[in-house]
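Novice: Turn these sequences into a full structure, and let the hints steer you where they fit.
2 protein chains.
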Amino acid sequence: MSTQAPHNTLLIPGPIEFDDAVLQSMSHYAESHVAPGFVKVFGETITLTRKLFQSTNPSAQPFIIAGSGTLGWDLVSANLIEKGENALVLNTGYFGDSFGKCLETYGAQVTHLRAPIGDRPAFEEIEHALKQKPYKVITITHVDTSTGVLNDIKTIAQVVRRVSPNTLVVVDGVCSVGSEEIAFDEWDLDAVVTASQKAIGCPPGLSIVMCSGRAIQAATARKTPASAYYASIANWLPIMQNYENNKPSYFATPPTQLVHALHTTLSQITARPMAERFAIHVAASDRVKAAVAELGMTQVAPKPECQAHGMTAMYLPQGLVAPDVLPGLLKRGVIFAAGLHKEIAPKYIRFGHMGVSISDPNRNDVDKALAALKEALAEAKQAKGL
Amino acid sequence: MSTQAPHNTLLIPGPIEFDDAVLQSMSHYAESHVAPGFVKVFGETITLTRKLFQSTNPSAQPFIIAGSGTLGWDLVSANLIEKGENALVLNTGYFGDSFGKCLETYGAQVTHLRAPIGDRPAFEEIEHALKQKPYKVITITHVDTSTGVLNDIKTIAQVVRRVSPNTLVVVDGVCSVGSEEIAFDEWDLDAVVTASQKAIGCPPGLSIVMCSGRAIQAATARKTPASAYYASIANWLPIMQNYENNKPSYFATPPTQLVHALHTTLSQITARPMAERFAIHVAASDRVKAAVAELGMTQVAPKPECQAHGMTAMYLPQGLVAPDVLPGLLKRGVIFAAGLHKEIAPKYIRFGHMGVSISDPNRNDVDKALAALKEALAEAKQAKGL
Numbered sequence: 001m002s003t004q005a006p007h008n009t010l011l012i013p014g015p016i017e018f019d020d021a022v023l024q025s026m027s028h029y030a031e032s033h034v035a036p037g038f039v040k041v042f043g044e045t046i047t048l049t050r051k052l053f054q055s056t057n058p059s060a061q062p063f064i065i066a067g068s069g070t071l072g073w074d075l076v077s078a079n080l081i082e083k084g085e086n087a088l089v090l091n092t093g094y095f096g097d098s099f100g101k102c103l104e105t106y107g108a109q110v111t112h113l114r115a116p117i118g119d120r121p122a123f124e125e126i127e128h129a130l131k132q133k134p135y136k137v138i139t140i141t142h143v144d145t146s147t148g149v150l151n152d153i154k155t156i157a158q159v160v161r162r163v164s165p166n167t168l169v170v171v172d173g174v175c176s177v178g179s180e181e182i183a184f185d186e187w188d189l190d191a192v193v194t195a196s197q198k199a200i201g202c203p204p205g206l207s208i209v210m211c212s213g214r215a216i217q218a219a220t221a222r223k224t225p226a227s228a229y230y231a232s233i234a235n236w237l238p239i240m241q242n243y244e245n246n247k248p249s250y251f252a253t254p255p256t257q258l259v260h261a262l263h264t265t266l267s268q269i270t271a272r273p274m275a276e277r278f279a280i281h282v283a284a285s286d287r288v289k290a291a292v293a294e295l296g297m298t299q300v301a302p303k304p305e306c307q308a309h310g311m312t313a314m315y316l317p318q319g320l321v322a323p324d325v326l327p328g329l330l331k332r333g334v335i336f337a338a339g340l341h342k343e344i345a346p347k348y349i350r351f352g353h354m355g356v357s358i359s360d361p362n363r364n365d366v367d368k369a370l371a372a373l374k375e376a377l378a379e380a381k382q383a384k385g386l
Numbered sequence: 001m002s003t004q005a006p007h008n009t010l011l012i013p014g015p016i017e018f019d020d021a022v023l024q025s026m027s028h029y030a031e032s033h034v035a036p037g038f039v040k041v042f043g044e045t046i047t048l049t050r051k052l053f054q055s056t057n058p059s060a061q062p063f064i065i066a067g068s069g070t071l072g073w074d075l076v077s078a079n080l081i082e083k084g085e086n087a088l089v090l091n092t093g094y095f096g097d098s099f100g101k102c103l104e105t106y107g108a109q110v111t112h113l114r115a116p117i118g119d120r121p122a123f124e125e126i127e128h129a130l131k132q133k134p135y136k137v138i139t140i141t142h143v144d145t146s147t148g149v150l151n152d153i154k155t156i157a158q159v160v161r162r163v164s165p166n167t168l169v170v171v172d173g174v175c176s177v178g179s180e181e182i183a184f185d186e187w188d189l190d191a192v193v194t195a196s197q198k199a200i201g202c203p204p205g206l207s208i209v210m211c212s213g214r215a216i217q218a219a220t221a222r223k224t225p226a227s228a229y230y231a232s233i234a235n236w237l238p239i240m241q242n243y244e245n246n247k248p249s250y251f252a253t254p255p256t257q258l259v260h261a262l263h264t265t266l267s268q269i270t271a272r273p274m275a276e277r278f279a280i281h282v283a284a285s286d287r288v289k290a291a292v293a294e295l296g297m298t299q300v301a302p303k304p305e306c307q308a309h310g311m312t313a314m315y316l317p318q319g320l321v322a323p324d325v326l327p328g329l330l331k332r333g334v335i336f337a338a339g340l341h342k343e344i345a346p347k348y349i350r351f352g353h354m355g356v357s358i359s360d361p362n363r364n365d366v367d368k369a370l371a372a373l374k375e376a377l378a379e380a381k382q383a384k385g386l
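Residue numbers (UniProt numbering), protein chains in the order written: chain X, 1 to 386; chain P, 1 to 386.
I should point out that these hints are in silico values taken from the structure, not numbers from a laboratory.
For each residue, glycine too, the CB sits at the ideal point set by N, CA and C.
Check the hints yourself; a few may be wrong.
[What the hints assert, rightly or not] Taking lysine-lysine and the DSSO-like style, the derived pairs with C-alpha atoms no more than 30 Å apart in a straight line are:
(1) P:40 - X:331
(2) P:347 - X:101
(3) P:40 - X:247
(4) X:247 - P:384
(5) X:247 - P:331
(6) X:384 - P:247
(7) P:247 - X:40
(8) X:381 - P:223
(9) P:223 - X:83
[To be verified] Chain X stretches covered by chain P per the calculated footprint, using a threshold of three residues with CB under 8 Å from any CB of chain P:
(10) 92–106
(11) 219–227
(12) 353–362
[As the list claims (entries may be wrong)] Ranges between beta-carbon positions, derived for each pair:
(13) X:220 - P:378: 41 to 51 Å
(14) P:363 - X:305: 51 to 61 Å
(15) P:363 - X:304: 56 to 66 Å
(16) X:2 - P:305: 18 to 28 Å
Specialist: This is the structure:
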């Protein structure tokens, strides 16, 4: 029996439904951010973040900072690249555009390699682009929350290392960390930017960034000082190292309750092999995608290899728009998200299937959602005389 | 009967003890950040923030952003001042030094007007400094958490308006908002930077910045673009305006649970006249300071007009250092903070007396703390043969 108040099931691509214990951690009593109890919990949380990324290389460093996922773009843009240096943005829509704007704010010269809606840049195109200029960073949206497009960051990292070995491989993993396979060390990634509220299953409010030794080196051996204060890797690095070594340290007050919640969810997630977690997400995704096809709908990302496993963006049947269907879902206790990609927004809806909604055997959120979707579509079609 | 687990009473200058209802709000079930329920709560929270600052001028704008209080310095430094412009920092210690570093990170030319430990810059010195150069901003630490020094921001703002009327008056109110009187419009302030976890009584994780119309104008009519993305006033302004007008809006995912908690505490705080709240803090502070004197101790801030009302920094009796006394307090269920000002750190301790610890008539935190302090001091003196 859940301890949460009755509510509609939140199945958007983040924030997601929470485990009871995670939410209870949010109500932790007041603690000093430098007292032994909290220092231990924060230090363990940093170590658990390494496990989340399947990383054992001590030169890699997780950062856990009060902020939204967006703050991670500032951490990358203000620390890993200097004014006038080149950045290649693999652009699959909304989030590539915004990451590009963030990079430009800090003085980077940004080149966008854009893919058509629902697709991703081909490896040959990426290789070709990398040969045109020396790029300090390449950024990839691992899962584009606006379209459900999945990028193959493992293969892209291989291409980068072959063609332009010094380019830092930066992954926007806000909508992928915890649901899509990531082997940070093995794939030789340099930075993965994420947030607490998606497949990690913690309430929003934490910016989480995993950096390689190569990225830390780039941030700390800059020709010019980092161009941000709160988003400065140099300012946070000793803090993260100290907490992980069980020493209190102060740069800015950490969000103690959110850190407790992150500790709880990461303890749950890493209690089993990560491969198992990814397989559960793949299985749930396959089930959702089969059901969507059975309902006569296509996905915004049509190619199977480009489809995320923690969400599905589906075009509505001809003649229907999102406001015809979302209220019917809500009436049945299910919340999906409207479209976000501005060129196609009214024509599609987004279903987030990650975290406890698919991993907790006591929940039947996916079955409930698919049944509600079927009924809401039929009702909407009838109302429109389709 | 509190719903919180039994714990030692946290009486540091933030984070502070929480009201049960505030902590319960932290466990709010998952919600979409753009769904009507949350949009209403966030919008109301922005409006309640105006009340907290006793502001009715519609051109003023509160910002509530996921982050620590430190992020507010970046908001000021990246938006209100441009590269090469002058900033005058009224420096009473640790936080003035850090705010200065933040301003320099974004290219400001910083002049520190330093006061001796425990004192504050005199009005004549401030007037003299303002006449030396055109300053774009002046920053004042309202209450210096490291020493308990209170600045008279009302009079300083008057001096600025008389001598250098275009200088933006920026207040670091992290340790003052909610415990010290602030009349934002009436005192003609331009920016007050604060955080959720001190006298506001919400868990840490929210950066709260109140800007005047003049500050918004400076931020949006810059000669050069703002030099931050996440900390950009231009990026957040339409979001705050939309939420307050009950319209969903997206720049970065707000920390929904923390916003609920802030809504709860601000509803409680603003349910009574702010003047009453400030008077309660003054009365509690007077009681603490009298007791400290009776125990033979002096304050780091010796002048009564320079003493904060939400905290007391006290020098320990000759021969004792913080590690002699803090464990004795902890043994009696009370947590004070060690010294923070590096030149005097071991010689003093800090007692935070703000929020529910002094305003909730069902709590007796101050009595408990003063009794524990008396016993811990006696015990420490005995152990040292003093």
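Novice: Each hint needs a verdict: does it hold in this structure or not?
Specialist: These are the hints, each one checked on the structure:
1. P:40 - X:331: 20 Å, holds
2. P:347 - X:101: Distance ~49 Å between residue 347 of chain P and residue 101 of chain X Cα, so the pair is violated.
3. P:40 - X:247: 41 Å, violated
4. X:247 - P:384: It holds: about 28 Å lies between the C-alpha atoms, which stays within 30 Å.
5. X:247 - P:331: 21 Å, holds
6. X:384 - P:247: 28 Å, holds
7. P:247 - X:40: Roughly 41 Å separates the two Cα atoms, so the pair is violated.
8. X:381 - P:223: 53 Å, violated
9. P:223 - X:83: 19 Å, holds
10. 92–106: Holds, because 4 residues of the segment 92–106 of chain X bring their Cβ atoms closer than 8 Å to Cβ atoms of chain P.
11. 219–227: Coverage by chain P holds for the segment 219–227 of chain X (3 residues, Cβ < 8 Å).
12. 353–362: Our answer is that it is violated, as 0 residues pass the Cβ test (under 8 Å) against chain P, missing three.
13. X:220 - P:378: 41 to 51 Å: 49 Å, holds
14. P:363 - X:305: 51 to 61 Å: Holds: the Cβ-Cβ distance is about 60 Å, inside 51 to 61 Å.
15. P:363 - X:304: 56 to 66 Å: 60 Å, holds
16. X:2 - P:305: 18 to 28 Å: 54 Å, violated
Checked against the numbered hints listed earlier, the structure breaks hints 2, 3, 7, 8, 12, 16; every other hint is satisfied.
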